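Turn these sequences into a full structure, and let the hints steer you where they fit.
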Amino acid sequence: MTEQPEDSELPSTQGARRSGLVYAIAALVVLLVGAAAGMLITLAAVGGDDEHPGPDSIDVGFSQDMRVHHLQAITMAGLARDRSDDAEVRQLAFDIESTQLDQSGQFSGWLTAWGQPTLAPTDQPHMRWMATAHSHGGGAGVDLMPGMATSEELAKLRGLQGKEFNVYFLQLMLRHHQGGLEMASYAADHARADYVRNLARKIQEGQRAETGLLTRMLSDRGGSPLPN
Amino acid sequence: MASGTKKNGPKGGKGGVDAVKAARSSVVSKKGAPWGLIAGITAIALLAGGVFTYAFVKINAAKEFTASDDNKDPSENINGVLRIKYTSGQHVEATQRVAYDQSPPFGGPHDGVWADCSGVVYPSAVRNENMVHALEHGSVWIAYNPDKVQGEQLDKLKTRVDGKPYMVMSPYPGLDKPISLQSWGHQLKVDSADDERVDQFIKSLRTNSYLTPEPGGRCDSNQTGFDPSNPPPFVAEKPGADAIPMDGKGSSPAASEGAMIPTTAVSAPGSAPASAPAPASATSVPSSQ
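Here the protein sequences line up with chains E and W, keeping their order.
Numbering follows this note's numbering, in which position 147 of the first sequence is assigned residue number 147; successive positions increment by one, without gaps.
Numbering follows this note's numbering, in which position 105 of the second sequence is assigned residue number 105; successive positions increment by one, without gaps.
Certain hints may be false.
Claimed, not checked - For each label pair, taking beta carbons as the anchor points, the in silico distance ranges come out as:
no.	chain 1	residue 1	chain 2	residue 2	range
1	E	L160	W	S209	34 to 40 Å
2	E	D95	W	T95	36 to 42 Å
3	W	I38	E	A113	46 to 52 Å
4	W	L82	E	Q161	18 to 24 Å
5	E	E152	W	S209	30 to 36 Å
6	W	S209	E	T150	28 to 34 Å
7	E	F94	W	A241	41 to 47 Å
8	E	F94	W	A62	36 to 42 Å
9	W	S209	E	S151	45 to 51 Å
10	W	A62	E	E164	42 to 48 Å
11	W	E152	E	R216	45 to 51 Å
12	E	D102	W	K238	41 to 47 Å
13	E	G159	W	I84	27 to 33 Å
14	E	G206	W	G80	45 to 51 Å
What the hints assert, rightly or not - With a straight-line cut-off of 35 Å between C-alpha atoms, the simulated DSBU-like cross-links for lysine-lysine are:
no.	chain 1	residue 1	chain 2	residue 2
15	W	K158	W	K85
16	W	K158	W	K238
17	W	K177	E	K156
18	W	K189	E	K156
19	W	K148	E	K156
20	W	K72	W	K158
21	W	K158	E	K156
22	E	K202	W	K72
23	E	K163	W	K158
24	W	K156	W	K85
25	W	K148	W	K158
26	W	K238	W	K148
27	W	K156	E	K156
28	E	K202	W	K63
29	W	K85	W	K238
30	E	K156	E	K202
Said to hold, decoys possible - Partner residues aside, some chain E positions facing chain W, computed with beta carbon under 7 Å:
no.	residue
31	V29
32	A35
33	L40
34	T42
35	G78
36	L79
37	D82
38	L111
39	T112
40	T118
Calculated from the structure, these hints are not laboratory results.
Please read all numbers here as calculations on a predicted model, not as lab measurements.
We treat Cβ as the ideally placed atom computed from N, Cα and C, and that holds for glycine.
Written out as structure tokens, the structure reads:
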């Protein structure tokens, strides 16, 4: 064709121009790849940055899920504080309610500062942030977190009185405390922020110690832990 | 986004043609054509462009319904949300009714006792005056017409509420649409539980710290006298002439709660003189924040 002479006339210029173009394109592609990678990093930390964890982080997942977990313990403890006829049960209930209410407020405060919702989303399973939560189906998450009472169980608790109420409250709270340990322990080991790891550790240690107390109080009242 | 491939055009107008020519001719000549390289680079460029676009869209989607200082009311991104500004902190007694301006109501004077909103699915309709107080604490209330929403549709709504803090659900007899979602000052009516706006509404408004009049207000009802197993029933009849109007005349400013909302107008002009000082404190308990 017509390019034949041009080509044969200037083979070296042609080659130089061509490789220059290739370099230019390569450079642009590198930039584009870089931009895409940057965007992916941003995606991994939406609403977050170097200081703030993103929505799929352990810090956010733990804070949201543990807050939801705590809110139910607060509800159950408030119920016991409200209507138990047993001074020791009422005192423990007040201890649990006030401690977890304060912790729940810490979670909510952190999440607000991180620009994240203060509660676990209603349309997604819990505990997906625990990537190696082998015992709960990997990263798929769960609808009901370990230790959580169902609405039916809460309604049953509300309907009980006297010793029956005290025993069932202690049973539900014991299971609730035990159920939260795995999450707390995972976050204590893996969360990014030191203050998250610290509170997770305190929850893990405090609740583990309190399960001993709950078990003792339960047996004192003739009850035994709920079957798993 | 597609800059990598686009640059081929303008800048490569000449160079590109040259490259093609060169490539073509070099098939004949001794130099091997860099087709493999070109294809590879193009593939990488397309992939990178795709990843960039995907991430960009995902980031926007994630932020769209998350409240922030730049996006205080994410429900503005949702079609069909009705917004009305209501004065908070006006309490009525258990025996009083409020002449609500909306059905279901989503703001205005309310009972001093809030309906339990800690993920409760009420099987029967609950008194409006208690439900509105639950909204003031940041919950989202899903109301549905029991004649129109049943079976699978009902179950889909329940999974969004049951055991989820700051969510509450109840039938609402005579509701003009199958489903109506309420948060304080916000309402969205939809025909189906599959409508994507249901989750968008919940994401945008549940315990939204910019819009909730009393962030941190509790949802459980211990010591308030409200029994979620036996809540005060919904009253279908229109309220009478003695009902508390929407401006709160005759209601009591919530003493304990008013202190926490210093800048918003707590009491309507001329409120409270009619009722005795005692009733408000009889029904309102200090809400632990």
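Verification of the hints:
no., hint, result
1, L160(E) x S209(W): 34 to 40 Å, "36 Å, holds"
2, D95(E) x T95(W): 36 to 42 Å, "37 Å, holds"
3, I38(W) x A113(E): 46 to 52 Å, "49 Å, holds"
4, L82(W) x Q161(E): 18 to 24 Å, "44 Å, violated"
5, E152(E) x S209(W): 30 to 36 Å, "32 Å, holds"
6, S209(W) x T150(E): 28 to 34 Å, "29 Å, holds"
7, F94(E) x A241(W): 41 to 47 Å, "46 Å, holds"
8, F94(E) x A62(W): 36 to 42 Å, "39 Å, holds"
9, S209(W) x S151(E): 45 to 51 Å, "27 Å, violated"
10, A62(W) x E164(E): 42 to 48 Å, "47 Å, holds"
11, E152(W) x R216(E): 45 to 51 Å, "46 Å, holds"
12, D102(E) x K238(W): 41 to 47 Å, "45 Å, holds"
13, G159(E) x I84(W): 27 to 33 Å, "39 Å, violated"
14, G206(E) x G80(W): 45 to 51 Å, "46 Å, holds"
15, K158(W) x K85(W), "28 Å, holds"
16, K158(W) x K238(W), "28 Å, holds"
17, K177(W) x K156(E), "33 Å, holds"
18, K189(W) x K156(E), "33 Å, holds"
19, K148(W) x K156(E), "30 Å, holds"
20, K72(W) x K158(W), "27 Å, holds"
21, K158(W) x K156(E), "19 Å, holds"
22, K202(E) x K72(W), "34 Å, holds"
23, K163(E) x K158(W), "33 Å, holds"
24, K156(W) x K85(W), "30 Å, holds"
25, K148(W) x K158(W), "15 Å, holds"
26, K238(W) x K148(W), "22 Å, holds"
27, K156(W) x K156(E), "24 Å, holds"
28, K202(E) x K63(W), "32 Å, holds"
29, K85(W) x K238(W), "23 Å, holds"
30, K156(E) x K202(E), "31 Å, holds"
31, V29, "5 Å, holds"
32, A35, "6 Å, holds"
33, L40, "5 Å, holds"
34, T42, "6 Å, holds"
35, G78, "4 Å, holds"
36, L79, "5 Å, holds"
37, D82, "4 Å, holds"
38, L111, "10 Å, violated"
39, T112, "6 Å, holds"
40, T118, "6 Å, holds"
Violated hints, in rising order: 4, 9, 13, 38; the structure is consistent with all others.
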